[in-house]
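Turn these sequences into a full structure, and let the hints steer you where they fit.
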Amino acid sequence: MYDLFDRFVTLWVVIDPIGTIPVFIAVTASLDASERRKTALQASLVSIGVLLFFLVFGQLLIDALEIGLNSFQVAGGIVLFLFALTMIFGESKSESETRQAEESPPAIVPNPAIFPLAVPSLASPGAMLAIVLLTDNSQFGFVDQGLTALVMVSVVAIAGVLMLFADPIIRVIGHSGSAIISRVMGMILASVAANAVLSALLDIFETGQL
Numbered sequence: 034m035y036d037l038f039d040r041f042v043t044l045w046v047v048i049d050p051i052g053t054i055p056v057f058i059a060v061t062a063s064l065d066a067s068e069r070r071k072t073a074l075q076a077s078l079v080s081i082g083v084l085l086f087f088l089v090f091g092q093l094l095i096d097a098l099e100i101g102l103n104s105f106q107v108a109g110g111i112v113l114f115l116f117a118l119t120m121i122f123g124e125s126k127s128e129s130e131t132r133q134a135e136e137s138p139p140a141i142v143p144n145p146a147i148f149p150l151a152v153p154s155l156a157s158p159g160a161m162l163a164i165v166l167l168t169d170n171s172q173f174g175f176v177d178q179g180l181t182a183l184v185m186v187s188v189v190a191i192a193g194v195l196m197l198f199a200d201p202i203i204r205v206i207g208h209s210g211s212a213i214i215s216r217v218m219g220m221i222l223a224s225v226a227a228n229a230v231l232s233a234l235l236d237i238f239e240t241g242q243l
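Quick note, the sequence shown lines up with residues 34 to 243 if you use the numbering used here.
Keep in mind that the hints are not guaranteed to be accurate.
[As the list claims (entries may be wrong)] Pair by pair, the computed Cβ-Cβ distance ranges are:
#	residue 1	residue 2	range
1	Phe41	Ile100	35 to 45 Å
2	Ser187	Leu231	24 to 34 Å
3	Leu231	Phe41	17 to 27 Å
The hints are simulated quantities; they were obtained by calculation from the structure and are not laboratory data. Each residue gets a CB set at the ideal place from its N, CA and C atoms; glycine is no exception.
See the structure below:
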């Protein structure tokens, strides 16, 4: 049960459903209620598809490149740690991704459900990396990987529900509140990443296997 909760926390932090709310409000401001509901649903489904792709094929890519689990875990932990630092010290998720959407060339009109909501807001690089680490074939069996997939789907589903109720939520917590929550999530992610690196290094020292 604790391990399942740990996976939920990790995926919640990297997907960051609360940080997606201001992004959703910004990119769907010109849409009516039915279009916003459609956008929230489409963003959720696309992000689930992207993350499931990495869940299924991420391990195959690692095996094809003959990358050791510990090496990948150290590299992944470092990347997640750097990602966490951007959450803590950089622009908040809502600020950076809203700015990216606003700076898109005027000739290009992206589907907001795809960009920036599905990628990179929900299916972020950190989420893609985390889902690969949490479903490594040498550590987790089919049942564990299935549970991780269910946890991931549940987190994205929560994000979808929060997008549907974005307006009242943002009125309560405000954009500043969203930024604060994003930074707290960054601290948690940094701790998770440091733990991943230290665990892999300890295993390398004990077994001598990369």
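Hints and how they fare:
Range check, Phe41 to Ile100: about 27 Å between beta-carbon atoms, so the 35 to 45 Å window is missed. Separated by about 28 Å at the C-beta atoms, Ser187 and Leu231 satisfy the suggested range of 24 to 34 Å. Restraint check, Leu231 to Phe41: a C-beta distance of roughly 21 Å satisfies the suggested window 17 to 27 Å.
The structure fails hint 1 only (numbered hints given earlier).
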